[in-house]
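Asker: With chain A's structure known, arrange chain B on it following the hints.
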Amino acid sequence: MGGLHPKNYFKPETSAEVASILHRYKEDALIIGGGTEVYELSERGLLTNIKAVVDLSKLGLNQIRVKDGEAAIGASVTLSQLENQIELYKDGALGCLLDALRDLGPLQVRNMATVAGAVTACIPFFDLPVALACLNTIIEVEGDGGTRRVPILSFQKDYLQPDLNEGEFVTGLVIPKQEPGTKSAFTKFVLNAGDWSIVNCAAAIRVSRRKVASARVVIGAVANKPFVANQTASSLVGTELDDSALESAGNVLQRELLDPPSDSKASGFYRKRLAKILLKETLQKAISRGGDE
Amino acid sequence: MTKIMISLTVNGERHKVAVEPGDTLNFVIREILGLTGTKKGCDSGGCGACTVLMNQKPIYSCMMYAVKADGSQITTIEGLQHDGELDPIQKAFANYNALQCGYCTPGFIMLTKALLDRNPHPTEEEVKKAFVGNLCRCTGYTKIVEAVLSLSERDVAKRTRS
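Heads up: the sequence lines are chains A and B, in that order. Following the working numbering, the numbering of the first sequence begins with 1 at its first residue and continues without gaps. Following the working numbering, the numbering of the second sequence begins with 1001 at its first residue and continues without gaps.
Worth flagging that the hints you see were computed from the coordinates, not collected in a lab. Hints are not guaranteed to be accurate.
Covered stretches of chain A, going by a simulated chain B footprint (3 or more residues, C-beta under 8 Å) [stated by the list, open to error]: (1) 5–14; (2) 107–114; (3) 137–150.
These numbers were taken from a predicted model, which means no experiment stands behind them. We put the beta carbon where it would ideally sit given N, CA and C, even for glycine.
Just chain A, with the same shape it has in the complex (with noise of 0.2 Å):
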């Protein structure tokens, strides 16, 4: 693998393990699930004091459980595993998620890449974060003062920057029930099947007599972590997402996206502008969602 060679691996079988590594070298550890993502990081120079990379693949978290509507996915789960948990998915609230997934790169990737993983990077044009922020993931953190339960938007900080102090480790995700009716759906738009994307959206809508009773969305790739249009959501409340709500509900999106980044794929302009299309896309996606996916 091109940049990472560290001194120590570790694959610690207990959680007071895993604290007492994190504790013994602080930011010098890295914490790895599939491990997928190292290289990348490793090559743009952002892992050269890494001197323990700490592997979680012995804690048994490999684990989805479904209670009550609650979807808890443990932190080795990868993104193949869930993909396949297909019940999930039979009533269409958690189709922004399933989109996410199979969309998601090379297979290979996706057999040994996690969950909490793509989470915890807290990298801006991933996908799985902003539809999980879209159903209002919880992130589950343990450290020496216990466990503590984050929203996935508080959790990802900034630029890869999760909320995790010295000791502390990801050990699950819950994603909450959502209300009963609920539709989501989730696109991209991608130079090409295996790239990151340029911009991406996920919205889950509830209708209720023809009308919009509730809607969330969430657009990706447009700042720092993903962004939830808080204002366009309310447009398309009490609307019966015909054109022109959409048309409308696009436009109130556009300005509610003050200043996205621009770099070498796309301005910050033509991400604005995808970002309105995407949400049309996105919106259509959720409404013709049946409940057999």
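Answerer: Chain B alone, transformed into the frame defined by chain A:
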């Protein structure tokens, strides 16, 4: 540097090897076990030439730390033949001229193996989607996709006959 002992079952044969913490599974397969059918391409998880099956699932061996793979079952391209006879996937790639320089071929074949094990009759679209993580830079993809689809159809024909 302290070495770590790991055990791997590669193509049905158990191996105990001493690795460094930063060694990849690709390094172990090629440089320690001498199974050079598995290639080292981009070495960064993008080209797919290093694809092997780990516990029946395709992974990039260049992205997998060897220590992480401890205790797993690995299948490489060398493990596909049966008593000296090529696997039907290997034969199809040869028959359809689905290779030119051949460097990407072991990766494509291992990915195809995983695909057909899970979905014996993939559509053209499903085959193309499965190859998202495998690059070919000389043959192009048309012949590769044709080779894989021929296996799917052949299987259907066989079933119809029986």
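Asker: Does each hint fit the structure? Answer for all of them.
Answerer: Outcome of the hint check:
no. : hint    : verdict
1   : 5–14    : holds (count 6)
2   : 107–114 : holds (count 5)
3   : 137–150 : violated (count 0)
Hint check: a violation occurs at hint 3 only; the rest are consistent with the structure.
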